[in-house]
Amino acid sequence: MAYDLFLGCVIPARLPFLEASSRKVFEKLGIELHDVDGFSCCPDPTGIEQIDHNTWLALGARNLSLSSNGGIISFCSGCVETLKGVNYCINKDQEVKKEVNKVLKKVKKNYDGSTKVLHFAEVLYENLDKVRENVVKPLSGFRVAVHYGCHYLRPSEIIEWDDPFEPTTIDTIVKALGAETVEYELKLECCGNPVEKSDSELSLMMINNKLQDIQKAEANCVALVCPACYQQFDFNQRELNKQNNTNYDLPIFYLSELAALAFGYEPAELGLNFHRVRPNALFEEVGF
Amino acid sequence: MSVINFEFRNQVLKHNASLSYCYQCSTCSGGCPVALITEGRYNPRKIIEEAILGLQEKLINEQDPNPWLCSTCQTCVELCPQKVELTEIFTLIKNKCFEAGKYPAAFSVQGQAVLENGIAIPYSKAILTRREKLGLPTITTAPVDEIKTILKETNFEKNILKGGK
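Residue numbers (this note's numbering), protein chains in the order written: chain A, 1 to 288; chain B, 1 to 165.
Only chain B is shown next, with the shape it has when bound in the complex (with noise of 0.2 Å):
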């Protein structure tokens, strides 16, 4: 059984207020490219509803609609006759998703390799070579040192290392 939890509702409320003039009228539904093709295991609207119950365990836990099958198109908030602005809203969700370790491996990976290098794919040897032949020039990226620093700051670093599900 589901059990309100007020205080994740007040968190995601407090992330953004839009949340509180949704009406579940499905326009969100009805325009997600995902939704359409999904047979009921995306479902924005019901994502929405949850969250305005704070149904956290649904949502972080058990993840029932998964949030990660947005595609971010952002075709629900364009659509939305009450602006809810919905892609900010799952973006709070999968983020706290992050936080306890419930997140495709794939992200994991992505975040790691900025971690290491600052930037998401490291230049191969492959690569600087084509580059060179298609007369590219040499590109100086960011310090990693003071990424890091950066991703320490927020907490990034710390919960990258714990790895997804």
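Chain A with its partners taken away, still in its complex shape (with noise of 0.2 Å):
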């Protein structure tokens, strides 16, 4: 099984270490993934697909026509977003198609709208049987709130993954680790992220009602497979506890972070370090 790999802008130029869980994972499943050279932004369907509908479209366009494997896997929500969105819209209607690759052919390019597109969720998801014979440390002890993050599953038509609203997939990778996740009332809401750049107010206000209500369910830490999300998590904490006399501590963990350590490989080679909210102290009370 192989695969053109696609990275995106946030993991690999600010939160790197999301991105060596993930390829250790991947080589640990015998799943290979190909870098290829030229990708752009993808881009952003939070910024610049907001400003911009056909830019969004062409540099999309742009980036699916220089997958020549068996289709581009990304580790990124908001990229699995745009390029499965770009893919929805050539093949919807041929007149978008025309004007796309009237644009591309200005830099020799034709997009065709064949590229396959999947989450690495999906992937670990669709190799169940293989994660599970991976795992040689359980997860034992991790209450999990496992947050799917918007762009995940929604607009299921052209996500084509797992129930919009009753979503099972990442839970049940979680489970597959020997952890337990947590159920809680806000599960589907979004973190605010996308908000940001408007109202930054307004953004910290989703995420701390997101946090109150996983701290109210007990769980120790957070799952999650966006790094816009997982920014939006962790970056956040120490603000809030500053803000508003809060004491969040909670580890926001990376999907691939929680498969490789279950899969035996160490905190310090994943980066873990290089989290805001570090795990140390989760680690000690579950005896990990």
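Keep in mind that the hints were calculated from the coordinates and are not lab data. Fair warning: there could be bad hints in the mix.
Said to hold, decoys possible - Result set (BS3-like, lysine-lysine): computed pairs, CA atoms no more than 27 Å apart in a straight line:
no. : chain 1 : residue 1 : chain 2 : residue 2
1   : A       : K92       : B       : K96
2   : A       : K242      : A       : K187
3   : B       : K14       : A       : K102
4   : B       : K96       : A       : K106
5   : B       : K14       : A       : K98
6   : A       : K97       : B       : K158
7   : B       : K133      : A       : K137
8   : B       : K96       : A       : K105
9   : B       : K83       : A       : K97
10  : A       : K98       : B       : K152
11  : A       : K98       : B       : K158
12  : A       : K92       : B       : K14
13  : A       : K28       : B       : K133
14  : A       : K24       : B       : K125
15  : B       : K148      : A       : K105
16  : A       : K98       : A       : K116
17  : B       : K133      : A       : K24
18  : A       : K106      : B       : K162
19  : A       : K109      : B       : K152
20  : A       : K106      : B       : K148
21  : A       : K98       : B       : K148
22  : A       : K92       : A       : K106
23  : A       : K116      : B       : K83
24  : B       : K148      : A       : K108
25  : B       : K96       : A       : K102
26  : B       : K83       : A       : K187
27  : B       : K14       : A       : K97
28  : B       : K152      : A       : K92
29  : A       : K105      : B       : K14
30  : A       : K102      : B       : K162
31  : B       : K152      : A       : K108
Two independent chains are provided; combine them into the complex using the hints.
Written as structure tokens, this is what we have:
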């Protein structure tokens, strides 16, 4: 099994430790990831698309046109939504496809709409048996609040994966790693990251509500699959504690980090020390 | 006073005909995580109503309600009993705000980064060192000239250089 790897911007250029654990997990599972030269920003569905849909289409189609292997895997829900969304627009409307290719012709490229796009968690779920086989250090004592994030699920017509309001795939993977998952009321709520660009106070309010709810549910960590959500959860706890007298100290894990830990990798080689909220206290608490 | 602009209304409809199926039931606003906590500053039903009526002044100049508060969570799209593609319509409205230079500055920062580097976040020296320490490969990103050619062709370059509000 081999795929082209689409890294995007946030993970490789800001949170490379998330890339490290993800690559390790795929290597362990025997799924080959090819690095492709020349990808641009996906572009960001909550950024560039919101200011210029046609530019979003053109850059997205250019990226998709560069894949020559069995399809693209991305570690980022934003990139996946963009690439699946561009495919959707291009394949739904021949006129759109013609217009996009008119632009791509200027750089001697063409996109036919056929590149398959997968989120890394989709691939983990489809290879659940292999995931189970590789667990050497089950995550006993981890009480995980799963945060799916919006773009992993919706719009369901474009994403075509899991259920938009009753998702189960990530919970299933987390349980396969030997952890327990914890239900909480605001599980499907947006983390608030996209509105940070227009109203940072509102953005903080949204993440505060989620963290409060997760704390109430007595989870001892969070699992997620999107770098924007990751930053929102991990980067803001200290600021919120300062502002509101809260005591958030909740380690935020990428799904790949949990998998890598269960596969026997050491926290240091995964770069867990780069997290703002360090997981050391949790490891001690559960004897990991 | 708001004036109906039929041309504007037709532009939205031409871009996304699902707009005309809205019967203003407010399911979108009831399910919207932002509407729930912004005390009227953000209300997807109202933006759709203004689009149906072609209230260009309200939507683009006054931005009331503020379309930039949409978190793009797509919950409204999923819930709408009439299958109105709300997020796509909001995107069109925001695109028009962008053309008019009325958009939050943070979008401009990201857009200029893509224009200059092909990617939204350029690789800093510190990150390159960190990547090396983590045993990660060197990434060859898109040729900047090629991206610039595309961004010129779509008028993005011209619009982004005008800057935001």
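Against the structure, the hints:
Distance restraint check for K92 (chain A) and K96 (chain B): the Cα-Cα separation of roughly 23 Å lies within the 27 Å cut-off, and the hinted pair is therefore satisfied. Distance restraint check for K242 (chain A) and K187 (chain A): the Cα-Cα separation of roughly 25 Å lies within the 27 Å cut-off, and the hinted pair is therefore satisfied. For the given pair, K14 (chain B) sits about 21 Å from K102 (chain A) by alpha-carbon distance, which is consistent with the 27 Å threshold. Pair hint K96 (chain B) plus K106 (chain A) holds up; C-alpha atoms about 25 Å apart against a cutoff of 27 Å.
This hinted pair checks out: K14 (chain B) and K98 (chain A) have alpha carbons roughly 17 Å apart, not beyond 27 Å. Simply put, K97 (chain A) and K158 (chain B) have alpha-carbon atoms about 23 Å apart, close enough for the 27 Å limit, and the pair holds. Only pairs whose Cα atoms come within 27 Å are accepted, and K133 (chain B) paired with K137 (chain A) is accepted, the gap being roughly 25 Å. Among the hinted pairs, K96 (chain B) with K105 (chain A) is consistent with the structure: their alpha-carbon atoms are about 26 Å apart, no more than 27 Å.
The hinted pair formed by K83 (chain B) and K97 (chain A) meets the criterion: a straight-line CA distance of about 23 Å does not exceed 27 Å. For the proposed pair K98 (chain A) and K152 (chain B), the alpha carbon gap of about 18 Å is at most 27 Å, so the pair holds. Only pairs whose Cα atoms come within 27 Å are accepted, and K98 (chain A) paired with K158 (chain B) is accepted, the gap being roughly 23 Å. In summary, the hint linking K92 (chain A) to K14 (chain B) is supported, as the alpha carbons are separated by about 15 Å, within the 27 Å threshold.
Our distance criterion of 27 Å between C-alpha atoms is met by K28 (chain A) and K133 (chain B), whose separation comes to about 20 Å. Distance restraint check for K24 (chain A) and K125 (chain B): the Cα-Cα separation of roughly 24 Å lies within the 27 Å cut-off, and the hinted pair is therefore satisfied. Straight-line distance between C-alpha atoms of K148 (chain B) and K105 (chain A) comes to about 14 Å, which keeps the hinted pair within the 27 Å bound. The suggested pairing of K98 (chain A) with K116 (chain A) holds, with an alpha-carbon distance near 20 Å, which does not exceed 27 Å.
As the CA atoms of K133 (chain B) and K24 (chain A) are separated by approximately 15 Å, the hinted pair is consistent with the 27 Å bound. With a C-alpha separation of about 24 Å, the suggested pair K106 (chain A) and K162 (chain B) falls inside the 27 Å cut-off, and the hint holds. A threshold of 27 Å between alpha carbons decides the hint, and for K109 (chain A) with K152 (chain B) the separation of about 16 Å falls inside it, so the pair holds. For the given pair, K106 (chain A) sits about 11 Å from K148 (chain B) by alpha-carbon distance, which is consistent with the 27 Å threshold.
The straight-line distance between the Cα atoms of K98 (chain A) and K148 (chain B) is roughly 20 Å, inside the 27 Å bound, and the hint therefore holds. The suggested pairing of K92 (chain A) with K106 (chain A) holds, with an alpha-carbon distance near 23 Å, which does not exceed 27 Å. Distance restraint check for K116 (chain A) and K83 (chain B): the Cα-Cα separation of roughly 26 Å lies within the 27 Å cut-off, and the hinted pair is therefore satisfied. Between K148 (chain B) and K108 (chain A) the CA atoms are separated by roughly 14 Å; this keeps the pair inside 27 Å, and the hint holds.
The suggested pairing of K96 (chain B) with K102 (chain A) holds, with an alpha-carbon distance near 22 Å, which does not exceed 27 Å. A distance of roughly 24 Å separates the Cα atoms of K83 (chain B) and K187 (chain A); the hinted pair therefore holds under the 27 Å criterion. Taking the CA atoms of K14 (chain B) and K97 (chain A), the gap is near 17 Å; set against the 27 Å cutoff, the hint holds. As the CA atoms of K152 (chain B) and K92 (chain A) are separated by approximately 26 Å, the hinted pair is consistent with the 27 Å bound.
This hinted pair checks out: K105 (chain A) and K14 (chain B) have alpha carbons roughly 26 Å apart, not beyond 27 Å. Under the criterion of a C-alpha separation no larger than 27 Å, the hint pairing K102 (chain A) with K162 (chain B) is consistent with the structure, at around 25 Å. Of the pairs offered as hints, the one joining K152 (chain B) and K108 (chain A) holds, with about 15 Å between alpha carbons and a cut-off of 27 Å not exceeded.
The structure is consistent with each of the numbered hints, conforming to all of them.
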